[in-house]
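K.L.:
Given these sequences and hints, build the entire structure.
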Amino acid sequence: MTEKIEKNSKETELNNTACKNCKTQFKGKFCPNCGQSVYEFEKPFRFLIVDLVGNIFAFDTRLWKSMSSLIFRPGKFVEEYLNGHRARYMSPFRLYIFVSFLFFLLLSIYAGSQIQISEKVRNEINLSFNGQIDSLNPETDSLKTNEINISDRSVSPKKLTNALSKVLNNPKMYMDSFLKFVSWSLFFLMPVYAFFLWLLFRKSKKYYYSHLVLAINQHTFVFLLFVLIICFKLIFPIRAYYPENYLIASIPIYLFFGKLHLYKRSWSKTLLRMITILIFYGIALFITLFITWNFWIKMELL
Numbered sequence: 004m005t006e007k008i009e010k011n012s013k014e015t016e017l018n019n020t021a022c023k024n025c026k027t028q029f030k031g032k033f034c035p036n037c038g039q040s041v042y043e044f045e046k047p048f049r050f051l052i053v054d055l056v057g058n059i060f061a062f063d064t065r066l067w068k069s070m071s072s073l074i075f076r077p078g079k080f081v082e083e084y085l086n087g088h089r090a091r092y093m094s095p096f097r098l099y100i101f102v103s104f105l106f107f108l109l110l111s112i113y114a115g116s117q118i119q120i121s122e123k124v125r126n127e128i129n130l131s132f133n134g135q136i137d138s139l140n141p142e143t144d145s146l147k148t149n150e151i152n153i154s155d156r157s158v159s160p161k162k163l164t165n166a167l168s169k170v171l172n173n174p175k176m177y178m179d180s181f182l183k184f185v186s187w188s189l190f191f192l193m194p195v196y197a198f199f200l201w202l203l204f205r206k207s208k209k210y211y212y213s214h215l216v217l218a219i220n221q222h223t224f225v226f227l228l229f230v231l232i233i234c235f236k237l238i239f240p241i242r243a244y245y246p247e248n249y250l251i252a253s254i255p256i257y258l259f260f261g262k263l264h265l266y267k268r269s270w271s272k273t274l275l276r277m278i279t280i281l282i283f284y285g286i287a288l289f290i291t292l293f294i295t296w297n298f299w300i301k302m303e304l305l
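Everything in the sequence shown is counted per my numbering, starting at 4 for the first residue and increasing by one.
No wet-lab data here; the hints were simulated from the structure. Even glycine gets a Cβ: it sits at the ideal position worked out from N, Cα and C.
Just the calculated beta-carbon pair ranges, DEER-fashion:
1. 173 x 207: 46 to 56 Å
2. 32 x 270: 44 to 54 Å
3. 190 x 29: 35 to 45 Å
4. 105 x 39: 33 to 43 Å
5. 175 x 35: 52 to 62 Å
With a straight-line Cα cutoff of 27 Å, these simulated BS3-like cross-link-like pairs (lysine-lysine) come out:
6. 208 x 272
7. 267 x 68
8. 267 x 209
9. 267 x 79
P.N.:
Written as structure tokens, this is what we have:
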């Protein structure tokens with residue numbers, strides 16, 4: 004009986020809350036007037052730990068549900084998200100940020116382990132490069148007449164030699180710098196990929212936003228696949244056989260079934276449109292990486 008009275012009094016207290024910010028009386032977890040939460044920060048530390056663990060667990064649950072749906076149900080994750088089933092998943096954009104960060108971090112670690120340059124090799128490259136520079140115009144010592152065009156910019160041999168020396172002395176730093184430029188360029192390519200989807204699947208009568216969500220989803224899968232491949236290479240570095248490389252063959256299959264599920268077209272029409280999109284996207288990717296390479300050289304080296 005006493006427990007029942009205490010329970011009722013607690014329910015009454017919960018149902019009649021006064022906002023500590025604007026003094027509005029309300030029921031629920033958020034003030035309808037100012038939006039402040041009824042969550043109490045002034046409480047014993049053990050309660051904060053419990054809340055933190057709960058939030059982490061909720062994040063992990065949504066992350067693993069999103070990952071499993073992303074990997075094993077091509078296009079289904081996007082369809083459910085667009086149909087309003089969002090509470091159980093991470094948003095596609097947040098998932099992309101998480102996976103792409105992980106991908107470029109691991110790629111940086113792996114690339115750094117593969118580009119160790121010994122002193123002997125460094126000296127050989129410098130000697131070979133200096134010999135080629137000297138052979139450009141052996142009749143004159145003028146740096147101006149020997150200027151070389153790189154990325155639409157005239158560069159003196161001396162400056163070019165200094166740039167090469169900087170890269171050879173610290174290759175990992177410049178590799179990380181280039182990867183940072185690449186990550187941004189790929190991020191801005193997603194709307195281009197979404198535009199190609201909209202262009203070739205416009206009869207599906209979906210808004211551009213739907214195509215963009217699919218573009219983000221498919222880029223996330225590709226990054227996640229390479230995360231798995233790089234992990235294998237980091238964990239088992241010295242082997243005679245690299246079976247994880249065959250996972251790359253699953254990319255076009257995944258892209259095909261993702262489009263097939265979302266757009267509900269025939270296999271032949273979906274395949275034809277996918278091939279066309281990949282050709283256009285390949286051209287856009289090549290142009291983007293070329294521009295990124297030139298921009299990186301100008302910004303970081305010359």
